[in-house]
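Those protein sequences? They're chains A and C, same order as listed.
Residues in the first sequence are numbered from 1 upward in steps of one, following full-length UniProt numbering.
Residues in the second sequence are numbered from 1 upward in steps of one, following full-length UniProt numbering.
It is worth saying that the hints were derived from the structure and are not from the lab.
Some hints here could point you the wrong way.
To be verified - Sample of chain A residues facing chain C (criterion: CB under 7 angstroms; computed from the structure): (1) S230; (2) P443; (3) Y451; (4) C474.
All residues carry an ideal CB built from backbone N, CA and C; glycine is no exception.
Protein chains: 2
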Amino acid sequence: MLSIDPRTGGSRGPAATEATAADVDTAVRAAHATRTALADHRARAELLRAAAASLEKDGAEIIAAADAETALGHVRLTGELARTCHQLRTFADLAESGRHLEVIIDHADPDARPAPRPDLRRCKVPLGVVAVFAASNFPLAFSVPGGDTASALAAGCPVVVKAHPDHPRTGVLCARALRTAAAQAGLPGDVTAVVHGLEAGVALVRHPLTAAVGFTGSVRGGRALFDIASARPRPIPFHGELGSLNPVVVTARAAATRAAEIGTGLAAAYTQGLGQFCVKPGLVLLPAGADGDAVVAAAVTARVPSGPLLDPRMREAFLAGTRARAALPGVEEVLAAGAAGAADAPLSVRPGILSVPAGRLAVGEVHRALLDECFGPVTVLVRYGCEAERDAVLGTLTGSLTATVHFAADERDAAAADLVARLTQLAGRVVVDGWPTGVTVAPAMHHGGPYPASTSTSTSVGATATERWLRPVCYQNTPQELLPAELRDGNPLGVPRTVDGVYVLPAPC
Amino acid sequence: MLSIDPRTGGSRGPAATEATAADVDTAVRAAHATRTALADHRARAELLRAAAASLEKDGAEIIAAADAETALGHVRLTGELARTCHQLRTFADLAESGRHLEVIIDHADPDARPAPRPDLRRCKVPLGVVAVFAASNFPLAFSVPGGDTASALAAGCPVVVKAHPDHPRTGVLCARALRTAAAQAGLPGDVTAVVHGLEAGVALVRHPLTAAVGFTGSVRGGRALFDIASARPRPIPFHGELGSLNPVVVTARAAATRAAEIGTGLAAAYTQGLGQFCVKPGLVLLPAGADGDAVVAAAVTARVPSGPLLDPRMREAFLAGTRARAALPGVEEVLAAGAAGAADAPLSVRPGILSVPAGRLAVGEVHRALLDECFGPVTVLVRYGCEAERDAVLGTLTGSLTATVHFAADERDAAAADLVARLTQLAGRVVVDGWPTGVTVAPAMHHGGPYPASTSTSTSVGATATERWLRPVCYQNTPQELLPAELRDGNPLGVPRTVDGVYVLPAPC
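Could you build all of it, start to finish, from the sequences and the hints given here?
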């Protein structure tokens with residue numbers, strides 16, 4: 001795997017070797033063999049905290065490598081490293097708390113109706129080796145040491161990551177940090193492994209000991225791997241985050257009262273990280289007429305950054321995608337996207353905004369391209385004449401990670417509630433009077449949405465992300481000595497449990 | 001669809017009409033249109049309770065129809081109806097409690113690290129129309145008014161059931177009871193619908209508005225539908241319960257101390273409901289030698305029932321399956337299964353027990369047939385010489401709903417704990433010193449297991465069964481008036497919530 005400079009397209013030489021099917025087999029078997037060692041919640045927590053510390057220790061080197069391979073810049077990557085370490089520590093806390101075990105205990109009840117009840121004790125157990133596919137656009141937070149890896153380890157699952165070809169050297173450095181952390185936590189180094197190469201990824205999904213997959217990437221690549229996972233003799237869960245349009249609705253009253261603020265906010269949102277976020281607002285339903293025009297004017301005149309995209313192939317796709325969309329009948333290029341070569345970054349691009357009357361989207365298939373995600377700094381304004389026309393467009397959209405609405409300050413009526421309900425149907429996160437970029441790591445976060453945003457109902461961010469790597473098991477009439485510790489009387493591990501219908505928090509230690 | 005008498009194979013005439021693709025389209029669209037009406041938790045609870053009352057009111061007629069179509073007998077079917085109504089009422093309580101919404105609220109925190117936190121409020125929303133496939137062996141509890149239907153309605157999802165061809169008239173009567181209940185609850189009748197016919201089932205899984213599938217049935221049928229669900233342009237969750245061997249291990253010390261009790265218990269367990277339970281113990285690992293022989297002797301001499309299976313096709317499969325297994329080299333027929341025609345039930349069969357040395361299973365592919373589920377009253381004893389041989393057999397098994405172990409009274413050592421851990425890898429429920437038949441409806445129950453027991457990590461019995469039909473949504477910075485009631489300050493619906501990391505029960509009303 002060559003390490004490529006996205007600013008120039010030049011190669012910095014080989015950074016990693018593509019794994020063969022035999023290499024993948026070795027890695028998965030070695031990871032599988034660490035399951036027993038990982039069964040100890042406290043060792044897992046220690047591993048996750050050591051991983052955060054190890055990444056911080058190597059931070060300067062990792063950030064330099066990631067910037068050289070992604071051109072995302074030191075400020076952004078410093079923030080991303082902090083977020084990555086925060087995720088690791090959050091999942092360490094979760095692993096230690098035992099909340100993810102979702103313990104339910106129903107004591108025996110010989111008088112229960114309609115039938116006597118045996119002693120039943122349920123907890124969750126790890127699925128086994130988890131395959132993680134690193135994302136191009138988050139070389140740390142959604143890659144080798146990212147949320148999928150952290151949540152899988154917290155759940156007790158060994159992890160084999162398929163590194164992203166856009167940043168192989170970053171992947172190698174992060175893999176080293178994870179192995180160092182395992183040694184510090186007294187765990188085998190093979191609890192995590194990293195493999196490189198397209199074929200290695202396919203072999204990883206096909207491997208009989210791979211128990212689940214976490215993926216962040218394109219619809220085409222993700223769907224191909226989902227199909228492989230589903231067609232296995234033993235199908236496995238495939239938690240994929242694929243593509244997302246992230247529609248935004250600006251109501252007529254919002255445009256009438258907050259045009260400049262919304263336009264400026266939009267310009268910042270669709271160009272943040274050069275539009276290379278899965279939650280970039282890619283479609284904005286904006287009223288036709290003067291109020292909407294004022295929003296457009298503010299968006300067009302806002303200062304937006306030019307810069308290189310993550311890789312030359314993505315740049316070609318962006319330039320071709322914006323050209324093709326701009327050429328559709330009725331589509332206006334209100335801000336022209338294009339190449340913007342600079343001396344130090346000849347592959348730079350500049351952001352763009354397209355605009356189309358909502359009526360055009362109803363006419364035929366040709367304009368459907370406007371409803372497909374176009375990765376990079378471009379957004380499509382859809383100008384609607386009335387609410388019915390606006391809602392008709394919403395009715396044609398597929399699932400997204402987010403859906404956003406901008407209201408006027410006092411717009412809190414039944415029509416507003418109806419619009420929020422419509423957006424709920426489309427997405428896993430509904431944002432009001434803000435922008436979807438920025439995915440907070442918090443217990444209530446949900447980062448997922450109806451297909452193609454996700455291939456499952458799960459989240460890849462937030463505390464509930466561990467649910468993806470666990471399955472419940474119920475023990476019936478099992479003697480105390482033979483039960484997992486979290487299910488024993490007296491609650492020796494101090495985990496929260498629902499006992500005979502009552503949620504019981506552990507006593508503070 | 002003809003209603004067939006499984007005792008004689010004779011037809012009682014047509015009971016229902018096969019649905020065309022157009023009929024399925026109509027039913028799914030009509031169900032989809034009821035989603036808003038079903039959004040009211042209290043109306044759903046009322047519907048579920050009215051359904052239980054309606055089924056009880058029509059109980060005599062329903063039980064008579066079910067017995068005529070399944071030959072399961074009045075005692076069993078009376079119990080199954082009670083269980084079905086209990087399930088409906090349990091899910092009514094759940095819908096009313098709001099526990100299934102899994103509300104998490106994180107208030108805004110401008111000082112949060114590494115980034116300020118917006119106000120985030122997460123709950124769960126219904127997926128949409130759920131397709132339910134009725135099971136042959138539970139004409140009530142896992143069919144039209146069964147657990148899949150009850151849990152989906154509790155979650156707020158309209159349901160279209162594909163009735164089982166073994167009991168079409170029972171399905172028609174139950175469909176009528178559900179429509180009556182909807183009217184009583186003030187809900188549209190189309191919140192549930194029932195369709196008949198194989199092609200209708202396929203059309204149901206393919207329908208664009210079908211959002212998820214619940215299935216109980218064979219590996220072949222279930223896998224075919226799983227493949228269709230996964231290959232859709234928009235794949236949908238397929239929660240299938242397919243096939244299960246339900247292994248039982250009898251330790252050497254258990255056989256030495258409890259042979260008669262275990263043998264008698266086994267005879268009752270594998271013949272209960274004529275072996276037509278998904279949790280029938282189909283494989284028993286039993287020590288070689290005199291102690292194990294004593295278990296066999298007790299099982300062989302126990303009195304076991306003969307009777308008709310659920311349908312003539314199943315009878316043929318049972319007779320052919322037991323014949324083929326008995327003909328394998330080294331397999332002994334310690335109790336010969338076979339046809340057992342009686343005057344009033346010429347299609348009856350009698351139970352059987354096969355036995356094979358564990359070493360045979362290691363030799364080659366031909367004996368793999370013994371590790372496939374054979375539906376009906378037959379079980380396979382695998383006689384092992386040592387623990388390593390026993391564990392080698394366990395290592396070759398695929399997933400099951402249950403795994404059972406019989407220990408001696410004081411057998412609580414590390415080897416016993418290791419055996420429980422091995423069984424945990426194989427199944428969704430581990431039973432100690434008992435039998436897996438009998439699936440208690442209780443919060444801690446888990447009815448599911450690694451593939452092919454289930455196609456997902458979900459359960460079809462117990463409170464967590466609703467999770468299958470919901471997806472999370474997070475609302476970011478959303479004004480109070482526009483939030484769903486369960487997320488508003490003051491908790492007007494009184495649902496349990498996790499607020500800023502603390503689980504908060506509603507105040508008692």
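For each hint, the structure was consulted:
1. A cut of 7 angstroms between beta carbons decides the hint on S230 of chain A: the least distance to chain C is about 4 angstroms, and the hint holds.
2. Here the hint on P443 of chain A is kept, as its CB sits about 5 angstroms from the closest CB of chain C, short of 7 angstroms.
3. For Y451 of chain A, the interface hint holds, the least distance from its beta-carbon to any beta-carbon of chain C being 5 angstroms, beneath 7 angstroms.
4. Checking C474 of chain A against chain C: minimum C-beta separation of about 4 angstroms stays under 7 angstroms; hint holds.
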